[in-house]
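Peer 1: If you read the sequences in order, they're chains V, F, H and A.
Quick note on our numbering: the first sequence kicks off at 7 and runs consecutively.
Quick note on our numbering: the second sequence kicks off at 40 and runs consecutively.
Quick note on our numbering: the third sequence kicks off at 608 and runs consecutively.
Quick note on our numbering: the fourth sequence kicks off at 525 and runs consecutively.
Quick caveat, the hints were computed from the structure, so don't treat them as lab data.
Just so we're clear, the structure is a prediction, and the values are computed from it rather than from any experiment.
Idealized CB from N, CA, C, for every residue including glycine.
Treat the hints with care, as some may be off.
Claimed, not checked - Derived DEER-like restraints, expressed as beta-carbon distance ranges: (1) H:L1029 to V:P502: 35 to 45 Å; (2) H:I654 to V:P572: 46 to 56 Å; (3) H:P1085 to V:A23: 16 to 26 Å; (4) F:G438 to V:L601: 42 to 52 Å; (5) H:M991 to V:W16: 26 to 36 Å; (6) F:W441 to H:S887: 15 to 25 Å; (7) H:R968 to V:L546: 46 to 56 Å; (8) H:P1085 to V:A440: 51 to 61 Å; (9) H:L1029 to V:I410: 43 to 53 Å; (10) H:S887 to V:E172: 54 to 64 Å.
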Amino acid sequence: MNDFYPLLKWIILPPLAGFILNGLLGRKFLGEKWGGWLGAAAILAAFIASCLCLSDLLSLPVESRLLRDTLFNWISAGNFSIDFALRFDPLSAVMAMVVTGVSFLIHVYSIGYMRGDKGFNRYFAYLNLFVSFMLILVLADNPILMFVGWEGVGLCSYLLIGFWYEDEKNAAAGKKAFITNRVGDAGFLIGLMLMFGLLASQGIFATDFATLARNVNLLDGKIVLGFGAPTIIGLLMFFGATGKSAQFPLYVWLPDAMAGPTPVSALIHAATMVTAGVYMLARMSFLYALAPRALEAVLVVGCFTAFLGAVIATLQSDIKKVLAYSTISQIGYMFMAVGAGSYAAGVFHLTTHAFFKALLFLAAGSVIHGMSGEQDMFKMGGLSKEMRLTFVLTAAGCLAISGIPPLAGFYSKDLVLEHVHAHGIPILWLTGLATAGLTAYYITRLLILTFLGKKNFATHAHESPLIMTIPMVVLAALALTGGWLGSKYLLTFLDPAAATLSGADPEAHRLMLISVVTALAGIASGFFFTIPVLSEALALKFRFAREVIRNKFYVDEIYEFAIIRPLKWTADSVFFGFVDSDMIDGLMVNGAAKLTYRAGLIIRKVQTGNAQLYALAFTGGLILLLYWIM
Amino acid sequence: MNPEMAIYAGQSLAIPLTLVLAGLTALFIPIITRRDDSTPGLVILTSSLILLTFFPSSGTAFISMFSGALTLSPFTNYLWPFFLAALAFTALISLHARDGKPGSGEYYFLLSMAALGLIFMVSAGELLTIFIAVELLSVCLYALAAINRSPTGAEAGYKYFLLGSFGTGMLVMGFALVYGTTGTLNLDAIKLALAPGLPFHPLTSAGFIFLIAGFSFKVALVPFHMWVPDVYEGSPTPVSAFMGAAVKAGGIVVLYRLFAITAGAPQFREIFWALAVITMVLGNLMALPQHNLKRLLAYSSVSHAGYIVTGFFGGSEGLKAALFYLVVYAAATIGAFAVVAALEKDERGVMVKDLAGLSGRHPYLAAAMTLFILSLAGIPPLAGFFGKFYVFTAALRGGCTWLVVIALLMSAVSAYYYLRVLVAMYMEHEPAALEAAPSRAMGLALSLLALIVTALGIFSGPLLRLAQSAAIF
Amino acid sequence: MNFIDANLLTVIIMLPLAGALALLLVPKGKTALIKNMAFGLSAAVFIISLRLYFGFDETNAAMQFTVDKPWLPDWGINYRLGVDGISLLMLMLTTFLTPLAILASFDYIQEHQKAFYAGLLALQTGMLGVFAALDVFLFYVFWEAMLIPMYFLIGVWGGPKRIYAALKFFIYTMLGSVLMLAAIIFICLAHKEQFGTYSFSLFDFYRTAFDLKTQLWLFAAFALAFAIKVPLVPFHTWLPDAHVEAPTAGSVLLAGVLLKMGVYGYLRFAVPMFPAAAQSFAPWLAGLGVIGVIYGSLVAWSQPDMKKMVAYSSVAHMGVIVLGISAFEPAAVSGAVLQMVNHGLSTGALFLLVGVLYERRHTRMIEDYGGLAKAMPGFSAIFMIVMLSSVGLPGLNGFVGEFLILFGSFRTYPWLAAAAVLGVILSAVYMLGMYQRVVFGPVRHEENRHLPDLSVREWGYLLPLLAFIIFIGVYPAPFLRKTDAAVKAYVSAAARQQDSAAEGQGSAADSSLTNKNVNPPHSYKAGRRAAKERR
Amino acid sequence: MPFEHLLVLSFVLFTLAAAGFLTHKNIIVLLMFAELMLNAANIALVAFSKFSGALEPQVFVLMVFAVAAAEAGVGLAIVILLARSLKTLNIDTVKNLRG
């Protein structure tokens, strides 16, 4: 353990500097030539810094692997004292490595992908900013600082989704992402408030994770709204995670988020940001240990989302949308792992997923780049000849995600399913398995529609330049080997105690076999159902189901009509139209004013100008006074 | 009587006599010189200014003269200069205004006689003196209201006269009843005669009611106020200013003495309470929809009478506050009427909307009017606010919480009609309907009044101390 | 310098007024001189006020830089001035915003320039006076007097409905404050009864004891005046009208400073004077605040006019702040004070930005814009940051305040704080929606295609705001430290509970605000205990 | 005649005069009713004088006479002015100033 480890901040600072340089000076001084490389170099520096930190961390004994650094006291008022403090333990080390590593590759890729874009420097500024926020999220030593990163990555996601802001749709997608995330954040914040409030009532005011973990059992036995306090806090924070990690019911923003540049989708909406929810749950595992019912909910929601995402992915025609729903589904797996109690498995899958999904997205980007912006798979086909390298890399990614051994996806997914099975609810395990099959199916479908079969377009597609393909190759290598490496080193590093669990299940091998078979079946059906005649016949036969799935079960529409429209209507007609304009302003404020004025108008009528009447009033007043006095 | 006192008494008596002389001079100069110029006005102005220098800085003596008919006291030492100043300002405005008809000696004569009436009224020790003073004042004002011989002036004059004589009848009846049941005309003796704690004789009560009604008429408390808007509107504007500022003050003083005499009886307190409330409420409400500026100011003066009566409930603090209030209120009222006089084309005065764009054409006139209006509205740091503050503080001390709350609420309501004047001057840009060429006299009067209204706000201490020394009975 | 240091507060407060009078002497035609003079003066005031800021001893809870000179000695009315941490920040906010507002008016105001700048400076005196007055009467005088320049600013230089808005603003505020005047007088008289002397000193007011019923009435009178100023729903309808009609500088100062006076009133007057009543009213205040958050946000969402939207967003933000101050929890109150500054900065900046657009296109309708990012990238970037600050994004100033308020008040009012979180989320809905429609998307109106980006002058008044928006977000500690002692004093004053009412004059005299020894912070438990006792 | 009777006479006369003032329409007549009110009050004064034997009320009465005369003089002048400019003495028609 090291509480004063100054190197830590050098993980965050380079990307931040990159952001400032690119943001302020970019257009005028750096231009395209330097801006991209500067951005990439910043991330590389961060990556190197995290490697150095990691090596220092590894040199520590297993029980006390923790590096901390407090930069300054951030907020201090009353009982609150929140430090800008960083923490580097195995969990954040893994995350930092993944984030900086994958980010670096994607930055390099972006130099090629974004070439010639008017907002080139802005793009890299945003991307650097994103990485620094992501690193703050990952390295934060207290939930509040984590929240800074949490919201910050949301902001960058908003900015990058709406990067091509001239299209209203892109800007709208960015807004949707931000607001949906904010809904989740409300849960996160309330959860934190509840936790801090309850702890403060026990005299615990510090907010760092270590203190929280040490004192979390003080919450045990506290009842809030009929639930145990840890359970309800856990649920609230998980609600926050569903927003950031695109889980049911807040997943709706992610498909729309594909409006951003494809490398952004790869980095933010596949590899890093969306997995923040998983990371957060892992970080708060000490809390969830006290809240089995909350974990149950995590498991169920993850399982449901995984299945739902996979089902919707099967019928999407936009190549990025398929990957988006696939991401939703895969993150569902991670939550299943977490829900089953194995944070290590969740983070393991997070890691492998980062590799292969980033690879798939970059490959998709390569295709889109090669097709000059086309995203509809039905307008592709036969690309394998023209984009050979991309095809090979995509195929590797597809196999990895399908769970074919010995690729990365196989190891992690299988571990997840194993834990779910061990958790003991068969239906969940079966759903997970079915999802695996579906995954293999839709990814094969993607591969076939894009690269194999008939060429459905007139123009010529071209292979991407080296600067784009090299990162993909690196990622592919990771996707191929990451699983094996991970299962060998990562799991023990993350969770030394639970390392033995893997393979302990006597049924492990059987389960493994089942899932491999399922994956193969999925791939086979992918080939089978993409035969044009067959797919058309099926489409006719299950028209209704097909429509429902194609339209994503109308969830967006349901939200629109059940929540947004009524809320807007309430705001427009009830609150503003009626309450504000008519009741408060019209009736109460101006009404009172008008009433007073009217009263004046009426009373002045008494003043008729007839002096005799005045005398009468005089007499009347006199008589009244006399009557009063007598 | 020691020599010092004698000198003091002599000096004091010289004041009314000089005023009479000045009035007569003003009356006769045009007849003698047969010239139609501003000499009479200047005579009144200079003589009142000279008289203003007569007053010792602290007149603490109580001198009863003519077997109690007149009383000199710190009280009169405060109010006499006040009336003289009001007279001076009115004369100054009249010098400008076409109503003043520079040559009309009788106008200035009547004005100075009205002031004389006021001077006697506040120093009266007896009911009889009060009666004579009131009549001197009233008869002069009847004539002043109609002095332009215009139809509106005639209507205003006849209304004032008719209702005034109706009120006089009431007053005399009141005097008769009070005298008959207490056996004396001397105010102090009357107070002594009314044994504290014992209920009044019904006829005594009735007599006081008649008196209260009669002086409420002069002060314009609702429902005895109804002549006020018509008369203020129809009279020559400087006369309206004088009525609003000085005449009201005289009435208030007498009303306060009645209040002080009857204070032993709770019903009388209730009566004053009720009069104050309905005056404030109705006066302000009726002012809201007014379009004629003079009429608006008339209603405003009605409501201000209500505020001052509120101060009665504060004992000697209240009197002090009321005395302070009278001065700041008078300054603002004369000022506001002076602006009307500077702008008006006929004696019906100026419509509020005619002021549109005044700030552009006559920024100083508009600025002065702003100060007067804001002072009347009681916005700090102008004097009007401090007047209200002292009065309401005194009333609260007297335990009249609700009265003060109502008064404060109504003064917030009054902001509406006062602000409308500012709206017209500064925020509406209709083409000019009124062109004014304020004379030097008017300019002087306005700047002095504006200075008073501002200075008495921030530095209200000295005048307040004067009022304090005066508020002894 | 010696003179300035010796009379620092007086100089700061009165210099603008003197400047306003001096401006009136400048010949009408010399507009450049008038502008420069006004800006120079207000900048000088800001620079002088820095001496205040840096000379302030933050470890000391007592009033500093105090002035106490008799004014109307008969009534115990003195010219008493002084600052503690809370008023220090408010004063700095005022002196900081005024030069920016003046700078923003250089092109906007074309008519009666002399009067305009004189009015702004006079307004500044009023605002500064309100924050520095330690004599309740003096406070009231400033409080009301400030209405006059603001009334003219709205009424003369405002939009089409300016007269209605100005009248409404004036009369609404005055209606609220006259009752406060009644209460002030009442307290002074009670003080005389208890101690034998007239005094309008704030500390003497603290000392004056009342039974609970009287306290409730008096508190209500104060609370109404401040609630109108804040404004709390349902007393808020003057605000949108005033904001929409006011010229940019007027809106900036109205939102930036005037609204704070309401909250400041609670902090300085209503609550410490009547702690027991405040304790029983607090849940209602907090409730109204939270209603304001949600209601204001929803109504803001349906506004087609940018200024009106920002006005309603102010209702929402001020609601959060009121929740903070009525929680009587140090963190929440600190957050509220900081949030007052934040709101002044971010909403001030928003109004300035709307003004930038208005000067170019003479419309404030969201519909009339769109796709501005292309033509005005600098504007869009600043707008983005300001908007995010208003939304409460971590890393920017808005978050720190909101966070402290929400987390702090959660200990006292869990449900209300949770509900306020929802309101905070709604702020993203309307702000982002507005931003998207104005800045993003295709250029919908041809005339917007070639709008010029920010000029040097516009950068000049936006960048300082931006700098503080970011600085406070990243490192709020210096500001929080300034307020710490004052906030603790406030919380312990509020915690005096019925002691003062029950024990009478003697013990109440050791009001912590007058003493340097501050009681230990009001803890969560104590709040709970108090709540229980109330039941 | 006992003192009370005089007083009652005074009150009755006063009331009648006031009633007349309030009901008649001609301004001259109103003026006369106003004078009648004064005289009714005078009777009361005289009655009290008789009751107490003091002379002050009688002085008062004399003063009232004088004042009434002055008042009537000014009043009639105004009424003549009114009659000249408005050509009417009906009180119901003279109401240009109102509201």
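Peer 1: Does the Cβ-Cβ separation between W441 of chain F and S887 of chain H fall within 15 to 25 Å?
Peer 2: At 23 Å between Cβs, range holds.
Peer 1: Could you tell me whether the CB distance from G438 of chain F to L601 of chain V stays inside 42 to 52 Å?
Peer 2: violated, 31 Å
Peer 1: Is the distance from the Cβ of L1029 of chain H to the Cβ of I410 of chain V consistent with 43 to 53 Å?
Peer 2: holds, 46 Å
Peer 1: Please check whether S887 of chain H and E172 of chain V have a Cβ separation lying inside 54 to 64 Å.
Peer 2: holds, 56 Å
Peer 1: Is it true that P1085 of chain H and A23 of chain V lie within 16 to 26 Å of each other by Cβ?
Peer 2: About 24 Å separates the Cβ atoms of P1085 of chain H and A23 of chain V, which means 16 to 26 Å holds.
Peer 1: Taking the Cβ atom of L1029 of chain H and the Cβ atom of P502 of chain V, is their distance within the range 35 to 45 Å?
Peer 2: holds, 42 Å
Peer 1: Range first: 46 to 56 Å. Now tell me if the beta carbons of I654 of chain H and P572 of chain V are that far apart.
Peer 2: holds, 53 Å
Peer 1: So the hint says 26 to 36 Å: do the beta-carbon atoms of M991 of chain H and W16 of chain V match that?
Peer 2: Holds, at about 28 Å.
Peer 1: Go ahead and decide if the range 51 to 61 Å is satisfied by the Cβ distance of P1085 of chain H to A440 of chain V.
Peer 2: Holds, since P1085 of chain H and A440 of chain V (Cβ atoms, about 58 Å apart) stay within the stated range.
Peer 1: In this structure, is the beta-carbon distance linking R968 of chain H and L546 of chain V contained in 46 to 56 Å?
Peer 2: Cβ of R968 of chain H to Cβ of L546 of chain V: about 55 Å, so the range 46 to 56 Å holds.
Checked against the numbered hints listed earlier, the structure breaks hint 4 alone; every other hint is satisfied.
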